[in-house]
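Single-letter residue listing:
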Amino acid sequence: MLWRYRKEILLSFFLLLASFIGIKSSNCKILWVKENETSRPQKEFFSHKGIELEKIFINELLSENRRLYEILELKEKSSCSFRKVARVIRMESVGWPTGILLDSGREQSIKKGMTVLDQNGSLVGRVAKVNERTSLVMTLLHPGSKVSGLIQRTREVGILSGGHPGILELNYLPKESEARRGDIMLTSGLSTLYPKGLPIGRVLKVREANSSFFLKITVNPAVSFSKLEEVLIIQ
Amino acid sequence: MIRVKKNPPHLPNILLALLLSFVLQWVGTKYLRLNKIAPDFILIFIIFFSFHSGGIFALSLSFGAGLLQNILYHGLIGTNSFSFCLISYLITFLKNKLQIKEGFWPQVIFVFLGSFLYVIFSAIFYRTPWVLGLLIPKILIFSIYNSLLFTLLFWGLKKGIYG
Numbered sequence: 440m441l442w443r444y445r446k447e448i449l450l451s452f453f454l455l456l457a458s459f460i461g462i463k464s465s466n467c468k469i470l471w472v473k474e475n476e477t478s479r480p481q482k483e484f485f486s487h488k489g490i491e492l493e494k495i496f497i498n499e500l501l502s503e504n505r506r507l508y509e510i511l512e513l514k515e516k517s518s519c520s521f522r523k524v525a526r527v528i529r530m531e532s533v534g535w536p537t538g539i540l541l542d543s544g545r546e547q548s549i550k551k552g553m554t555v556l557d558q559n560g561s562l563v564g565r566v567a568k569v570n571e572r573t574s575l576v577m578t579l580l581h582p583g584s585k586v587s588g589l590i591q592r593t594r595e596v597g598i599l600s601g602g603h604p605g606i607l608e609l610n611y612l613p614k615e616s617e618a619r620r621g622d623i624m625l626t627s628g629l630s631t632l633y634p635k636g637l638p639i640g641r642v643l644k645v646r647e648a649n650s651s652f653f654l655k656i657t658v659n660p661a662v663s664f665s666k667l668e669e670v671l672i673i674q
Numbered sequence: 127m128i129r130v131k132k133n134p135p136h137l138p139n140i141l142l143a144l145l146l147s148f149v150l151q152w153v154g155t156k157y158l159r160l161n162k163i164a165p166d167f168i169l170i171f172i173i174f175f176s177f178h179s180g181g182i183f184a185l186s187l188s189f190g191a192g193l194l195q196n197i198l199y200h201g202l203i204g205t206n207s208f209s210f211c212l213i214s215y216l217i218t219f220l221k222n223k224l225q226i227k228e229g230f231w232p233q234v235i236f237v238f239l240g241s242f243l244y245v246i247f248s249a250i251f252y253r254t255p256w257v258l259g260l261l262i263p264k265i266l267i268f269s270i271y272n273s274l275l276f277t278l279l280f281w282g283l284k285k286g287i288y289g
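Protein sequences, first through last, are from chains A and B. If you count the first sequence from 1, you need to add 439 to reach our numbering. If you count the second sequence from 1, you need to add 126 to reach our numbering.
Keep in mind that the hints were calculated from the coordinates and are not lab data. Beta carbons: idealized from backbone N, C-alpha and C, even for Gly. Accuracy of the hints is not assured; some may be wrong.
Partial list, derived from the structure: chain B residues whose beta carbon lies under 7 Å from chain A [what the hints assert, rightly or not]:
id, residue
1, Ile182
2, Phe183
3, Phe189
4, Leu202
5, Ile203
6, Thr205
7, Ser207
8, Phe208
9, Tyr215
10, Leu216
11, Pro263
Derived pair list, reagent style DSS-like, types lysine-lysine, alpha-carbon separation capped at 25 Å [said to hold, decoys possible]:
id, chain 1, residue 1, chain 2, residue 2
12, B, Lys156, A, Lys446
13, B, Lys162, A, Lys446
14, B, Lys227, A, Lys446
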């Protein structure tokens, strides 16, 4: 009976053996890649195949390295008691993401309400739900997102709200405000949700509405949501 | 049904052909690049041998040749063994399932498909499946180039191994 499937059995054995050898040899090589940007066997493989995978592969590693380095620098600068780097594992691929899933959860001591930053230290959002090994982040673009923001130049405070495609709206700033295009927005620190001074974005447009006492200000978020791959979670 | 009995391959001839394919691989990598793409003579040999002989010996040979190729030329050790074994098995399986005759053209098609599969496997092993879409033209050139070289080597391989 078994003899009939000897080829399949042998194939399975060989595939398992090859995988085992591959995993054994790749473990040390992947570490080596991270230290030296690219490994000899991979470099040789790509040059051998003549396929320009090498360039793409090296660029990918370099870009990951750069991002992680930036996050590491940010992590060291940060004065917060809790700092954890997490990877983005799911995000809406179309449009502007209102929710992001991270690869860290309760097991990594992530808690609901923690602040999430990108590699440049700009505000991404906050942790809305925590699972065992994952957590869901509500981004600034979420319709339910409200952040107390401060214009750096004029020191005026307003409420930034999401729910608009790719932009934020700054509300409750009086018509006398001197806000203008290009002004930098930071977190005000007036609420307990976010620490003070985190970059949020730049003022894109200032409009006066006839029927309102307040200005209508559009803010362009500093975070490039479509490029988000790793984030820093702080508390 | 009359079955034409084929001469069984001789082990020294097979090993000699394999050795030759390793030498050709070295030459091909250095001098036979087409638009920076080097052919894979070992893969060609594996596909040819799996098509004609198949079975346990072809699988073992694929595993050994893949391992040796990884050690001697390039790549993470084990990846070529994995790809070669799978390709060898698929070729034997398809040949028997579809009852394909041992003609010239089916073998050329198998070399083409095998080469295509090989690059896809490699991209997966090197954790770069996302570039496959960009590389389709190059994968096609690699597969066509291997198929063309196979047409040149076919009679030599057949005579050398099966007499």
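Supplied contact hint for phenylalanine 208(B), tested at 7 Å Cβ to chain A: holds (4 Å)
Grab the minimum C-beta distance from leucine 216(B) to chain A and call the hint holds if it beats 7 Å, violated otherwise. violated (10 Å)
Should the hint that leucine 202(B) touches chain A count as held when the rule is a Cβ pair under 7 Å? holds (5 Å)
Does lysine 446(A) sit within 25 Å of lysine 162(B), going by the straight-line distance between their CA atoms? Roughly 37 Å between the alpha carbons, so the hint for lysine 162(B) and lysine 446(A) is violated.
Against the 25 Å threshold, does the CA-CA distance of lysine 156(B) and lysine 446(A) hold or violate the hint? Violated, because 36 Å separates the two Cα atoms, which is more than 25 Å.
Would the hint on phenylalanine 183(B) be counted as holding, given a Cβ-Cβ threshold of 7 Å to chain A? Result: violated, 10 Å to nearest chain A Cβ.
Double-check isoleucine 203(B) for me: the hint is only fine if its C-beta lies closer than 7 Å to a C-beta in chain A. holds (4 Å)
The hint names isoleucine 182(B) as touching chain A; please verify it with the least Cβ-Cβ distance against 7 Å. holds (6 Å)
Status of the proline 263(B) interface restraint (C-beta, 7 Å, chain A): violated (10 Å)
Once the shortest beta carbon distance from tyrosine 215(B) to chain A is found, is it less than 7 Å? holds (5 Å)
CA of lysine 227(B) to CA of lysine 446(A), is that 25 Å or under? The given pair, whose Cα atoms are some 21 Å apart, holds under the 25 Å limit.
Phenylalanine 189(B) was flagged as interface toward chain A. Is the shortest Cβ-Cβ separation under 7 Å? holds (5 Å)
Violated hints, listed in ascending order, are 2, 10, 11, 12 and 13; each of the other numbered hints is respected by the structure.
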